[in-house]
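Asks: With the sequences and hints as input, model every part of the structure.
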Amino acid sequence: MWDYSETVKEHFYNPRNAGPMADANAIGEVGSISCGDALRLMLKVEPESEKILDASFQTFGCGSAIASSSALTEMIKGKTLTEALDVSNQDIADFLGGLPPEKMHCSVMGREALQSAVANFRGEEWKDDHEEGALICKCFAIDSVMIEDTIRANNLCSVEQVTNYTKAGGGCSSCHEGIEELLAKVMAERGETFSPAPPPPKTKPGKLSTLERIRRIEQVIEKARPNLIRDHGDIELVDVDGKTIYVSMKGACSGCQMEALTLGGIQQQMIEALGEIVKVVPVKAVAPTKLPA
Amino acid sequence: MSALPPIYLDNNATTRCAPEAVAAMLPYFTEQFGNPSSMHSFGAKVGHEVKAARASLQKLIGAEYDSEIVYTAGGTEADNTAILSALKASPDRKEIITTTVEHHAVLHLCDQLEKDGYIIHKLKVDGKGRLSLDEYRKLLTDKVAVVSVMWANNETGTFFPVEEMARMARDANVLFHTDAVQAVGKVEINMAESAIDMLSLSGHKLHGPKGIGALYLRRGSRFRPLLRGGGQERGRRAGTENVPAIIGLGIAAQIAREHMAFENTQVRALRDKLQAGILAAVPNAFATGDVDNRLPNTLNIAFEYVEGEAILMLLNKQGIAASSGSACTSGSLEPSHVMRAMGIPYTAAHGTIRFSLSRENTEDEIDRVIAAVPPIIAQLRKLSPYWGENGPITDPEKAFAPTYA
Ligand SMILES: Cc1ncc(COP(=O)(O)O)c(C=O)c1O
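Those sequence lines, one after another, are chains A and B. Residue 58 in the UniProt record's numbering sits at position 58 of the first sequence, and the numbers go up by one each step. Residue 235 in the UniProt record's numbering sits at position 235 of the second sequence, and the numbers go up by one each step.
Because the hints were derived from the structure by calculation, they are not lab data. Treat the hints with care, since some could be wrong.
List of simulated lysine to any residue pairs, SDA-like, C-alpha gap at most 25 Å [said to hold, decoys possible]: (1) 128(B) to 188(B); (2) 317(B) to 94(A); (3) 127(A) to 83(A); (4) 9(A) to 3(B); (5) 59(B) to 26(B); (6) 127(A) to 173(A); (7) 185(A) to 114(B); (8) 124(B) to 59(B); (9) 382(B) to 53(A); (10) 382(B) to 10(A); (11) 185(A) to 115(B).
Replies: Next comes the structure, spelled out in structure tokens:
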């Protein structure tokens, strides 16, 4: 049995705003019956103010899918569309007192239905490339598609690297066998064979100009941001001093237990992007000019 | 939670350990703690009682010799032992025949063996979960190390013709293993008259304790142990015996034998009543599997356009315990491999609920479940975007048009 919070159960047993809405002017639909969950979000939006006057849902899915839909409608009623878009999937999960890692996709579905409904209202096309695979890392709720994509995009070749980039495998470590299998699969695609030995450090020859160096540092930071924002935080580049890169962690990322892991991953990417050994150091102040040695 | 007493209809997942079995086990944690292998009086009595328990289990499955029983830590270990032993015993044979609907204890092992270079033939099933013996016959060659086919499916209760398949395997000189974890204790089994070489069983499915099971190993069958060490179980499964559990399983086996007729009459009648009652009251629902040829205690119903976990949660709220083949209950994205293998459409596969009864269920309980289910399904269908005022939306994939799927 899932360890659902009381709030999840309450919203499942007594869903708010359930049922079709005849005069909806913004409709978002995500999922499908073959995936096992599908959600239709219906909004009544005041055209001038873009204020959400009413929200309702119809959901085919498990307990947490129904609870997430119910929570979402409660959270966005009365907000403007722009305000509503600030509601992240993590906010939905938090509202419900947390979701089991296997069920986080239910909150993601809620968030996507919202994006889809807003796009529908504004006459935009909303496309999502979000795809889910089998859950590999239960500690941090990372699925196989995310891990495979990350391995592919960054040419990873060790479990340690996968952990640095995605957090997967950074907790109880029970999923390391699964991660090794994904590594073997993706590495085979690029004609390499996975070996459990740690990879030799790769350093790119040639010196970068200062401008190119900063540009690459910024690229790494920009790449890291969407994931952090999704987790309720953010990161900002503060300063670069020789081989030390100062960043400021914001929101939920700051001081969270994952901060070190996240920074480790970013540092690893910096090292690979710059081809030199650098250190990524978090600072608390907004933009200090003098930093402790 | 409801004020009414809970109703347990998940006996294919596990059963309540019979109170008689629990009582018989208790002294073996305290006064009778001796090691049956020891050369002193602490061990001697224990050794004697283990022998009696073994004889009881022997009788339940109609084995010719008590030494054909090798205790294991459950059904999973018995399955793994049987298949790995067969491979070790015939290193030149690199093929295995099994089915698409086995328990994960067999399927996931076979998946791993496939990665290790073995060829796994998974027999397909039809819409009712039945095998084709023609397909099977063609695969039975001298390259096959072992056939592993379950006696009864844990999700639908469907029986496979294992006796006939074992004879075919014997004629082809191929070892035959059956995972009978769901069948032992529910249907008559007579290994003395059978061509089956190896059979797995598990204590906790027949009102015995958890963490104990056995592999039946026909005398003369070639065998290689999974665990080596001390000489327990005649060197076929090393490790000090789980004496309390072996004693408990012995009692459970005896009670199961005494209730064999009851299981196949009264329990079956309750199951049939449950099926008829639910299907009469709920539209767009059907029983899955080979309904005329299945375990007497098992009923698997697919409810279209609703999701299984949601059904379970609402049942649980009324104190009714069942299980589901839906993806959500397992945390995976796919509905159960058994439902997919039978080609149950997605519109129904996510809404499959398994009710598995035992001799402990009463008619009152079944009446309560028959009354509880229809409103639950109706309530969830009202929430579903695939369900309209009076029934399913005619073309669900069109009526619901997600921007992505
Ligand atoms: C058909 C089948 N085989 C094997 C097992 C595993 O048995 P155990 O839990 O004793 O390891 C089960 C139980 O879930 C089962 O239903």
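Asks: A separate judgement is required for each hint: does it hold in the structure or not?
Replies: Outcome of the hint check:
no. : hint             : verdict
1   : 128(B) to 188(B) : holds (23 Å)
2   : 317(B) to 94(A)  : holds (24 Å)
3   : 127(A) to 83(A)  : holds (20 Å)
4   : 9(A) to 3(B)     : holds (18 Å)
5   : 59(B) to 26(B)   : holds (23 Å)
6   : 127(A) to 173(A) : violated (34 Å)
7   : 185(A) to 114(B) : holds (15 Å)
8   : 124(B) to 59(B)  : violated (33 Å)
9   : 382(B) to 53(A)  : holds (23 Å)
10  : 382(B) to 10(A)  : holds (18 Å)
11  : 185(A) to 115(B) : holds (12 Å)
Hint check: violations occur at hints 6, 8; the rest are consistent with the structure.
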